[in-house]
Structures are given as C-alpha cells and as structure tokens.
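**Student:** For reference, the chains in residue letters:
Number of protein chains: 2
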Amino acid sequence: MKKNAPVRNAFYAQSGGVSAVINASACGVIETALRSKHIGKVYAGRDGIVGALTEDLIDTTRESAATIRGLKHTPAGAFGSARFKLKGLEQNRAEYERLIEVFRAHNIGYFFYNGGNDSMDTALKVSQLGASLGYPVTCVGVPKTVDNDLPHTDCCPGFGSVAKYVAVSTREASLDVASMARTSTKVFVLEVMGRHAGWIAAAAGLAGRGPEETPHIILLPEVPFEQQKFLDRVRQCVTDHGYCVIVVSEGAAWADGRFLADAGTRDAFGHTQLGGVGPVVANMVREAHGYKYHWAVADYLQRAARHIASRVDVEQAYAVGKAAVELAVRGVNAVMPTIVRKSSKPYRWTIGHAPLSEVANKEKKLPPDFIRTDGFGITAKCRRYLEPLIAGESYPPYRNGLPQYARIRGVRVRRKLGDFKV
Amino acid sequence: MKKNAPVRNAFYAQSGGVSAVINASACGVIETALRSKHIGKVYAGRDGIVGALTEDLIDTTRESAATIRGLKHTPAGAFGSARFKLKGLEQNRAEYERLIEVFRAHNIGYFFYNGGNDSMDTALKVSQLGASLGYPVTCVGVPKTVDNDLPHTDCCPGFGSVAKYVAVSTREASLDVASMARTSTKVFVLEVMGRHAGWIAAAAGLAGRGPEETPHIILLPEVPFEQQKFLDRVRQCVTDHGYCVIVVSEGAAWADGRFLADAGTRDAFGHTQLGGVGPVVANMVREAHGYKYHWAVADYLQRAARHIASRVDVEQAYAVGKAAVELAVRGVNAVMPTIVRKSSKPYRWTIGHAPLSEVANKEKKLPPDFIRTDGFGITAKCRRYLEPLIAGESYPPYRNGLPQYARIRGVRVRRKLGDFKV
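So the protein sequences, as listed, match chains A and B. Numbered per my numbering, the first sequence spans residues 1068 to 1489. Numbered per my numbering, the second sequence spans residues 1068 to 1489.
Pairs involving identical chains hold if they fit within one copy or between any two copies, as the list cannot separate such chains.
Pairs of lysine to any residue residues, derived as SDA-like cross-links and limited to a Cα-Cα distance of at most 25 Å, are as follows: (1) K1431 to E1382; (2) K1429 to S1251; (3) K1359 to D1329; (4) K1488 to H1356; (5) K1359 to D1185; (6) K1488 to R1249; (7) K1431 to D1329; (8) K1483 to R1165; (9) K1412 to Y1465; (10) K1409 to N1467; (11) K1448 to N1467.
Hints listed in this document are in silico derivations from the structure and should not be mistaken for laboratory results.
Turn these sequences into a full structure, and let the hints guide you.
**Tutor:** So, in structure tokens, the structure goes:
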C-alpha cells in the first residue's frame, strides 16, 4: 500500500450456498479491516451482491464487537447470501456499471466477495470494469464452498465442517444399523451433497478404517454407476457383516451422465416425483434383494451444522477473510487467498494466493488416486488428505440447551442513488 | 433384600429401536450390579432377547472397566438390540419357557429389559411365568424410547437427545434458509421420527421463541392434516418472512387416519414409491405455490446423534439403569424406574417407579394443551416441559476429528443347553 493512500470503504458480500463457517470469514474480513488504517467502514451487501445492486448496504460498524466476534461461531449467511450470477460483461454491462456506481457513491475501494467459482469470476470482472471506467476497485475473493471444488487451494473453507458432519453422522448411524441388523434394518443409505464432485461423500469414508468397516459403499459422481456391481456388493456386505451402509452423493450418475436421482418417478397424478438419490438407491436394493432398509437425506442440515464444525475449518475460514484484507491493503488486486498445505502429519498449513483468472469457473474433482480401485471407497492417500480437515472441535456457546448464534442488527447505510431493478 | 440371599446372575437386554443413550443405561446397570454383593455377573443378550433365546450371552465381566464406562458416551446398542416381540403367553409359551430354561441354566435371577412399551409387557410376562414355573426372576424394566410415549414417567431416556438434535438442527437449517431465501429456497421441510406421537416434532418448536420464529409450521400426528389450511399458512409465511420452515412428524396423518407419507406415489415401473413424508409435503407446496424448496429426512441420524446428546438425558439414562438394579436387589419385582419431575425452573428430578402392568403396551401422546390452537406449533406449557430435557451438553471424547465410541469385545458365555430355533 502506498503511504498516504486515501482511506476508502470496503464492500463485503456472501455468495451462493452458505456454510457453517462463511460467517467466520466475514468475521475475519471485518475485524481485520477495523484494524487497518487504509479501510474506512465495511459495508456488507444485504442478500449478497443483490444488496450492492439495490444499494442495500449494511453498516457493519453499527454491530457490536461481540456480534462481529459471534459470527465466528454462527452458521449460514448472517448478512444474507444470493444465488445470483452476473453474466458476462457483454450481456450484463448495466449490472456491472451499477455496481461501480454504488461503489463510487459510497467511496468503496475494496470488494471482498465470499463465494465459489462463479463469484471469483464476478470479482474478476468487477476489477476489470472498475479499471476501464476509471474507478479502480481492489477485488479480492474469499474462498467458500462446501463442495471443495475450487482449484489452486488445498481445500475450501466450509468443506471441513461438512466433511466432519458426514463422517460423524455415518459413524453414528452405522452403529445404529449394526445393532439392529439381526432382526430389523439391514441396509442404510445416507444421501449427501456434491452435485459435481464427490468430496463430501468421500469424507464419509473417514467413519471407518477400511473396506471392512462402514460405510461399506460410497457412490461418487466421479465413478459411473454400475447397477449390478453395486447390487452384488450390497448382498456381499449383508452376507459378510449382516448389514450394509451406503453413502451416496447427490451427483451420483449413470455412465451416460444422467443423475441417479433422475429416476423418472411419478406421483399419483403422473407428475414427476421429487429427486432424492437416497430413496432411489434404497428402492433399487429393496427390489433386487428385499432387504429392510432406511434412508436419510441430510440436505441443509449438513452444511449448517455449526454445532459439529471442524476447528481447522473455522480457523481457515477466518484466516482467508483476514488474508483477503491484508492482500487488498497491500494493493494486491484480483486474487483469492488460498490454503497451502505444508505437511499432512503433523498438519501444517499457511495462506497463499492465486489470481482470480486462474480460479474462476473451474472445478476440482476427486483425483483418481483418491478413489479405491473398486470405485466404492477412498484410498489411504485420500484419507491422509481428508483427515486433517475435520480435526478439532469448535463448539458454539449454549444457552438452555441450544447454541447461541449471533444475529446482526443490519442497520442500512443511507441511500444516495435511485432505484435499480434486479 | 433378605440377608444371606444367594448370589444370582443378572441378564440385561436392549430392545427395539436404539438411541443415543441406551448404552448409558447399560453402563448404569452394569456398574451398579458390579458393586452389589447380591448380583454375580451381568450377562448381556447378544441382539437383545434373541441372545437369551439362543443362549448367546455376552459376559460383561470380560469387558474392561474403561469399555463399560465408555458405554456412557456411545450411541446405539453396544450389545445389539432386537425388534422381536414375544407374543402372549398362550401363543408363545415355548419361547417364554425357553427364557426361563436359559435363566435357570445360568443362575440368572435378575432380568433387566431396556426398552419401550412392548418390552415392559415382555418383562411382566417373564416375571409371571418364572413364578408359576417355580423359578422366580426379578424383572425390572429400564425405560428407553426416543418416542417419549411411555406413561407414568415424566420423560423417557433417549428422547431428550433426539429433541436436542432436532431443535439444534432446525435452528441451524432455518438460518441457512433465511440467508438464501431472497434468490433461492423459500420452503424447507424437515422430516423427523414419531410414528404415533408428536413429541419429537414438538421439540423442533424449541428452535425459535414463538409463532414469528422458525419452525413456522409443525405437523403433528395428534392434529389431523388439513391441506388447504396448511398451504395457506405456508404462503402467509413466505409473504411475511420471505421463507417458511416446516417440521413434519413421520406420523402426520389425514383426518381419516391415513399417513401423509402414504401418498400413493409410484415409480417408473408402477411400484409403490417409498415413503418419506418430507418429500410428500414439499411436493404439495411446490404444486400449490411453485416455491423453490428443499427437504431433509433425518432418520437414524437423529436417534444416533450422541455427538449432540442432552446432558440431562445422559444422566437420566444412567440413573434409570442404576435404579433398576437397586430396586431389583431390594426385591422390588415387575416395576420400571421412572423420571419424576419435582420442578421445571429450576429443573429438578428424581427417580420413582411404576408397576410394569401399568406401563405395558400404553402410549402417551402430546396432551392437547401442549399444542397451539392453530395446530401448527407448541404452547408455552409444552416449551416449559421440553426445555429442561435438552439442557446441557455431554460431548464424547474425540480423536482425529471423530468421536471415540466404545466397542465391546463381546465374549460369549459357554453354552449349557441345546439349540433353540427363533
């Protein structure tokens, strides 16, 4: 940062599906910005980037220090997030120009965008357009995705906590099934998130110590589903162990790319029945073998489960928020802080950064050497990668038996511009 | 207990659906029996009562003290449970006689049966038959059911932990939905257990502080489902709050008694589609209003979730196990220890007991004054009842990011009898 650079405000926004630790990143951004003499106020977008477009900015200086600190143990998006992808500059120039207009009106010189692949693309475009319009904005992405599919970072904040939730839940439900199998349920199916990459399902593999332990079968999007091979394996498990625990990624698909969840089921009125690959897989097993089964769909429970967050994940989420501000005030533009693994045992990590141009719109899938040769489990290498990410507990405070999560007041910054239709 | 009464062994069995704390009751039984000079060894049935019928008895003295202690923080049924209901004495005399034969062969004078309504009935019949066959057995039930539907006890061990899981998960998922609602999911449905009574669904009501907070709608088995009223309420919630969180009991039913889950859905092959009232309700909302929705089915995850168990529940589960042994050695037969509430604020409880004859085969539903007049929520009275039951955390120990649950060795007692076909 140049000396005597003018103090400018910062804009922070949450984007896409939220996580158990995205607010920890918000906390890292806000607390670090507060200590910087280059940054004035941090304004947060209400409902993410939509808040910038509609000039609905939350003044974070109106929140108490305790509330800001409390974000570190509060799940979901405290300021509101948005599934709202700005298209290319050509199609959507008006929206990008509006962003710059709002930034200019509120003396915003820093843009921290807390999201996944799409958001990194948006942050990059804003930095380019700001420069071309003569209003330079330092744009730094803050990585967040439970899907763990951002490139150039060893892992993504948000993933470790989902991974922990899934591994813990799989271990617990497996004990349940094992204890009932002789006279009751023999097959249990847990459906987890991960539309395109199998990271979350793979994390269930931490529940046991190898192919003899649960989960007996993991169905990954990276491995084309072979029905007969799967059904044979289920029968073998029930024969050998008395029961079978299956974890299936919502993105599990046939060889031709169709999702298993897209089972063509119809309700009584002939309408397409809701997805849910869990029940589809359970039904397959029932029809083939007749075993008594149960299935669970964790859905939002898994990504909101701050009560069982990974301590490493919470620390990394905070650290990338902090690093984003430090990079920005040093004048490093159009980058995203990354997690760099120095060693796995003991686990050591540090913060690096990558250009947004190399991160935007790219997806990192499970590498082949993380997948067992039979396709139904994870390798020792995958386990070494995953294990440190779920390490440590980071319990929120409780009152009356319930976690006390922070709530923001959300005081709005006075508007200076006219309306804009989103 | 009479002085100089002969030392006799005890038989302990787990029955029915397991819970996060049934092993804490096992721990209470075994540790207390170890300290009693009237009880020799505690034998546990492998897979519950099936283990007695097949003379597959686990010698708990072959487990380390650390393992027995570890049961207190280990979910599910460490010795195996069974869904196996002994029918009436008339139809099933051979099985009851076999039980007595096995008890006689192993000098078992105490029978501790850890289960719900059915199990209390079985324990009662065994005590009656033992007496009539000249082999008296002191039979004491140990209450366990996540459904909280046993009469004569203020609450049932197992319930408090499910209640806590459901309340915490509802609070967390609600924050997730709230933060995304502007541009994404507007309706979230969480399906929870409770086939006949709405206790578990009611516990979700603890997540918020009243009708303005989540869950906006609870669907209870005790309240006949009215579709239009429900759909109107959903629309009102989305209009007023921007989103709607619904918790539905698996036992939610139409006025004529049909389960909502029995929706007559068919898969592509015309087969009846699996239940899951969560997706059924979500689909209803979609068809009526077109809102974007998500649904989750917690299934076994909720009752196995020892990682978020209620401390009060763990303590009560241990206490009823301990009390069962204390009652038995005092010669009190055919009873079940109960939880007696002395006050709600502050919460004070003690242990009482009730005759098995008054507990067996009865179900306690949510009383009408626990249900809000609109049928979609709980009253302040219900909240006062529920709140103490989820109080306190009781975290298991962790290693490498995962809870370390106890595993028994399960050494089998040498058999003395011939085979018996179950």
